[in-house]
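Q: Sequence:
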Amino acid sequence: MVCHIIGVPEDILEGRMTGVTTDPWTQAQIDRHKSDSIAQLREILINQKSKFDVVLPNIPSPVNSQFVMDAVTHEHDLREALGKPGAQDSLAVKVAFAWLLSHDLYSDEFIEQLQVLKISEFQKMRALSGRLSIEQMNALALPGLAIANSLEGSPLKTPNRTID
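Counting in this note's numbering, the sequence shown runs without a single skipped number right up to 309 at its last residue.
Hints may be right or wrong, so weigh each one.
[To be verified] Here are the computed lysine to any residue pairs in the SDA-like style, where the Cα-Cα straight-line distance is at most 25 Å:
(1) K179 to R161
(2) K196 to N209
(3) K239 to A226
(4) K196 to P230
(5) K263 to K302
(6) K194 to S265
(7) K196 to S252
(8) K179 to E155
(9) K179 to S206
(10) K302 to K196
(11) K239 to S299
(12) K239 to S295
(13) K229 to K196
(14) K263 to G298
(15) K239 to Q268
(16) K263 to S252
(17) K263 to I308
(18) K263 to L290
(19) K239 to E266
(20) K302 to S265
(21) K179 to P207
(22) K229 to I150
(23) K196 to P207
(24) K263 to P230
FYI, nobody ran anything at the bench for these hints, they're computed from the structure.
Only a predicted model underlies this, so the values are computations on that prediction, with no experimental measurement involved.
Assemble the whole structure, with the sequences as input and the hints as a guide.
A: If you want it as C-alpha cells, here you go:
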C-alpha cells in the first residue's frame, strides 16, 4: 500500500499515466519500490512532497477529489489492518463519498435510496469503494449485489469474500 501511495504522485510528476488506475499501473508502483526500506520510502515521500505541492492546486476537480478518495480509502485499509479505527466522520470521508456518487455508475434513484439509509457515510463509502463484500453490504441493508454489479468494469472491485 505504501508503494502505491508513493507511486501515484511519483507517476503524475514523471508523466507515467498510461494505464492509470489499472492493476498493471499499480503493480508497477509496487515493483518499483518493493525492495525499498521504510527509511528509503520515507525519504522518497519527503522529497516528492515539495514537488507535488506545486502541482496539486492545478489538478482540476473532480480529479482532486479522486485523490482524496484514494488516500482516505487506503488510510482506512491501514487503520483496519492495525486495529486502530478512527476518523470515520472526517471531511476526507465526506469528499470520498461525494466523489463516488458523482459517477454514472449509479442512477439518481439509487443515490436517493442510498442517502436515506440509516448507516454512516463511512460505511457507504467503504461499500462503494470496493472494501465490503456483498454479504457485508447486505448485512448493513445496502444493496450488495447492485453495488457489486455497478462496480464491474471500474477500477473498484467488490471482494469475493468477507474482509475482517
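Q: With reference to the structure, classify each hint as holding or not holding.
A: Okay, the hints, checked on the actual structure:
For the suggested pair K179 and R161, the alpha carbons sit about 18 Å apart, so the restraint of at most 25 Å is met. For a cut-off of 25 Å, the pair hint linking K196 to N209 stands: about 16 Å separates their Cα positions. Distance restraint check for K239 and A226: the Cα-Cα separation of roughly 22 Å lies within the 25 Å cut-off, and the hinted pair is therefore satisfied. For the hint linking K196 to P230, the alpha-carbon distance of about 31 Å lies beyond 25 Å, and the restraint is violated.
For the hint pairing K263 with K302, the CA-to-CA distance comes to about 24 Å; that is within 25 Å, so the pair holds. For a cut-off of 25 Å, the pair hint linking K194 to S265 is broken: about 32 Å separates their Cα positions. Distance check on the hinted pair: K196 and S252 sit about 39 Å apart at the alpha-carbon level, beyond 25 Å; violated. The suggested pairing of K179 with E155 holds, with an alpha-carbon distance near 15 Å, which does not exceed 25 Å.
A threshold of 25 Å between alpha carbons decides the hint, and for K179 with S206 the separation of about 31 Å lies outside it, so the pair is violated. Taking the CA atoms of K302 and K196, the gap is near 31 Å; set against the 25 Å cutoff, the hint is violated. Taking the CA atoms of K239 and S299, the gap is near 21 Å; set against the 25 Å cutoff, the hint holds. Note on K239 and S295: the hinted pairing holds, with a Cα-Cα distance of about 20 Å set against a maximum of 25 Å.
For the proposed pair K229 and K196, the alpha carbon gap of about 31 Å is over 25 Å, so the pair is violated. Straight-line distance between C-alpha atoms of K263 and G298 comes to about 28 Å, which puts the hinted pair past the 25 Å bound. At most 25 Å may separate the alpha-carbon atoms for a hinted pair to count; K239 and Q268 meet this at roughly 11 Å. A distance of roughly 20 Å separates the Cα atoms of K263 and S252; the hinted pair therefore holds under the 25 Å criterion.
Under the criterion of a C-alpha separation no larger than 25 Å, the hint pairing K263 with I308 is consistent with the structure, at around 22 Å. Pair hint K263 plus L290 holds up; C-alpha atoms about 19 Å apart against a cutoff of 25 Å. The hinted pair formed by K239 and E266 meets the criterion: a straight-line CA distance of about 7 Å does not exceed 25 Å. Pair hint K302 plus S265 holds up; C-alpha atoms about 21 Å apart against a cutoff of 25 Å.
Restraint check: the Cα-Cα separation between K179 and P207 comes to about 30 Å, which exceeds 25 Å; the hinted pair is violated. With a C-alpha separation of about 19 Å, the suggested pairing of K229 with I150 holds against the 25 Å cut-off. Under the criterion of a C-alpha separation no larger than 25 Å, the hint pairing K196 with P207 is consistent with the structure, at around 21 Å. Between K263 and P230 the CA atoms are separated by roughly 20 Å; this keeps the pair inside 25 Å, and the hint holds.
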